[in-house]
Amino acid sequence: MVGPRVIIVGAGPAGVRCAEALVAAGIRPTVIDENRRDGGQIYRRQPDNFTRSYATLYGTEASRAAANHRCFDELRGRIDYLPETLVWNISEGHVYALRDSRLVELPFDALILCTGATDRLMPVKGWNLAGTYSLGGAQVALKAQACAIGRQVIFMGSGPLLYLVAAQYLKAGAGVAAVLDTSPWRLRLAALPKLLAMPRALFNGIKLTLALRRAGVPMLSGIEPLEITGSAQDGVNGLSFRDARGEVRRLACDAVAIGYHLRPETQLADLARCEFQFNPTSRQWLPRIDAQGRSSVAGVYLAGDGARLLGADAAEAAGKIAALAVLEDFGYPFKAETVAELRRKLATLTRFAQGLMQSFPWPAGQAARLSDDTVVCRCEAVTAGELRRVVAQTGAREANRAKAFSRVGMGRCQGRYCGHAAAEIIAHAAEVPIEQVGRLRGQAPVKPLPIGIAEDGA
Amino acid sequence: MTGRFVRLAETERQQVTLRIDGVTVRALLGDTLMVAVLAAGGHLRDSEFGDGHRAGFCLMAACQDCWVWTAAGERLRACSTLVSEGLDISTRQPEATWSDRA
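These protein sequence lines map, in sequence, to chains A and B. Note that the first sequence covers residues 1 to 458 in the working numbering. Note that the second sequence covers residues 1 to 102 in the working numbering.
To be clear, the hints were calculated from the coordinates, so they are not data collected in a lab. Just so it is clear, the structure is predicted and the values come from calculations on it, not from any experiment. Keep in mind that the hints are not guaranteed to be accurate.
Said to hold, decoys possible - Simulated DEER-style distance windows between Cβ atoms:
1) B:15 <-> A:56: 19 to 25 Å
2) B:19 <-> A:83: 23 to 29 Å
3) A:59 <-> B:88: 37 to 43 Å
4) A:237 <-> B:50: 19 to 25 Å
5) B:14 <-> A:351: 34 to 40 Å
Note that CB positions come from ideal geometry on N, CA and C, so glycine has one too.
Between the sequences and the hints, there should be enough to build the whole structure, so can you do that?
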C-alpha cells in the first residue's frame with residue numbers, strides 16, 4: 001500500500017514528536033524547517049563548534065532538550081528532512097517552499113503545521129532605537145551565540161519568559177539592570193490554583209525570581225512603560241516608566257528586551273484556509289482545532305505553540321496527538337488510550353497556561369495611551385498618530401483596511417510585531433470591540449523572497 | 001562605541017576574517033553575521049525611513065530588520081546567516097540597475 005504523503009512544517013518539539021509517531025506507524029514524513037538545525041526556538045541548538053553543556057544551555061529543561069534532539073537524530077534516516085527551507089505558500093494540496101534559492105513544490109495528503117510562535121509585542125516610544133530586542137531574541141543571542149544584547153540590560157514586559165531570560169542572563173554573567181513587569185503581583189496570587197496544575201513548573205518559576213532577587217536585581221511589577229530613551233545615532237541609553245505607585249522613574253541601560261508572552265505563527269494555517277476564532281482571554285485570533293489538532297480543513301492539522309500557546313511540553317504532546325489523528329483519518333491502527341492519555345496531559349497543561357495568561361495578561365490598555373509620536377510599525381516607522389488619523393479620516397475600522405491606508409502591517413515583518421497593538425489602537429480609536437477589527441490576513445509569500453528564484457525541475 | 005553585544009562564553013573558537021562595508025572585521029567561526037557586526041560595533045544598518053540606526057530585533061528570522069547584502073547583491077538575514085572566511089558584506093542595499101530597453 002502506498003502511504004499518504006505527509007508533510008510536517010517545523011522541527012521544534014511539536015514537529016519532532018509528530019514525526020516520531022508517524023515513523024513508528026510506518027509512514028515516512030517530510031519535515032520542512034526554516035532553521036539550520038532542529039529544536040525550534042525553545043530547544044534551539046548551538047553551532048557545532050560550541051561546547052556549552054545541555055545543563056548550561058537549557059537549565060531545568062536540559063533532559064527534555066536532549067531527549068528531543070536525540071529523538072530527531074534517530075529519525076534522520078527515516079524521514080525526508082529539508083532544513084533551511086522556507087515554506088512560503090500553501091495552495092490546493094501543495095506546499096511551496098524556497099530551498100537553496102530554488103522553488104520547491106510538494107504535494108501532500110496530510111499537512112501538520114508546527115510553526116511555533118514569536119514574541120508578542122506592545123510598542124513603547126523609542127522601541128525602534130538600536131539596542132531594543134524582542135525578549136525571545138535576547139534569549140537566542142545567549143542560547144545560540146553565547147552573547148548578551150548589551151552590558152546593562154532591562155527586561156520589560158510580562159510573562160514567564162521575562163523572568164526566565166533575565167535569570168539566564170544573570171547566570172551567564174551578563175549585566176541585568178532590572179526586570180519590569182507590567183502585570184501587578186496580585187494577579188499571580190489569584191491565579192495560584194491554576195498554576196498549581198504544574199507544581200514543578202511553578203516551583204522552577206519561583207526559583208528563578210528568587211535567584212534574581214538574591215542577586216539584587218531590581219524587580220518591579222505593575223509598571224507602565226513610558227519611553228525607551230536614547231539617540232538615533234547611538235541607540236538605547238535608558239528607560240522611563242511609571243511604577244505601581246504612579247511615580248515616574250528612569251533607569252540607565254544600553255539594551256532593552258521586551259515581550260508580552262507569545263503570539264502564534266499562523267500565516268500558513270491562514271493560507272491553508274483554516275478557520276480562526278477570537279480568543280477573548282488572550283485577545284488574539286487562534287486557528288480553530290479539535291481536541292486532536294484537526295483544523296477546519298480536511299488534511300490540515302495544527303500542533304504546538306503555532307496553534308495553542310501552551311509551551312514546549314504541551315507542544316510535544318500536541319505533535320504526537322496530531323500524528324495519531326493523521327493515522328486515524330488515513331485508516332492506520334492507533335491506540336485510542338494513548339490519545340486519551342495525551343488529552344489528559346494537554347488538559348493539565350492548558351489549565352497551567354490559563355493560570356499564566358491570568359497572571360501575565362496582554363496589556364491591551366497601553367495601546368490607547370501610546371503617544372501619537374510613538375512608532376507602532378518598526379519596519380516603516382509609522383506612528384500611532386498616523387494610524388489614528390487614518391481611522392478618523394477614512395473610517396477604516398477593520399485591520400486590513402487600516403493597513404492599506406496606513407501601511408501598518410505592510411512592512412518587512414508583515415505585521416508580526418505591530419499587528420496586535422495596531423488592532424488595539426484601531427479598536428480604541430474607532431470605539432469598536434477588538435474582535436470587530438479582525439486580524440491581518442496571511443499573505444503569500446509569508447516571508448519576503450528574493451526576486452530571482454528559479455523553479456525546481458523547470 | 002565598542003561592540004553592542006557582549007561575548008559571555010565560547011570565545012576560544014577559530015577566528016574568521018570578513019569585510020563589512022569595506023572594513024575588515026574579525027569574528028569567530030560559528031558567529032552569525034549579526035553577532036560578528038554587533039560584537040565589533042554599535043549598529044547593523046540604517047533605517048530607510050530616517051529614524052536612525054538599527055541593530056536587529058527578533059534574532060529568529062521573523063522581523064527581517066537585519067538584512068544585509070553580499071557584493072553579488074544577494075540579500076542575507078544577518079541573524080540567521082553564519083560567517084565564513086572572506087565574506088564581503090554591505091549593510092546598504094546595492095543600487096538597483098535596470099537595463100534600458102525603452
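A quick look at each hint next to the structure:
| no. | hint | in the structure |
| --- | --- | --- |
| 1 | B:15 <-> A:56: 19 to 25 Å | holds, 23 Å |
| 2 | B:19 <-> A:83: 23 to 29 Å | holds, 28 Å |
| 3 | A:59 <-> B:88: 37 to 43 Å | holds, 39 Å |
| 4 | A:237 <-> B:50: 19 to 25 Å | holds, 20 Å |
| 5 | B:14 <-> A:351: 34 to 40 Å | violated, 49 Å |
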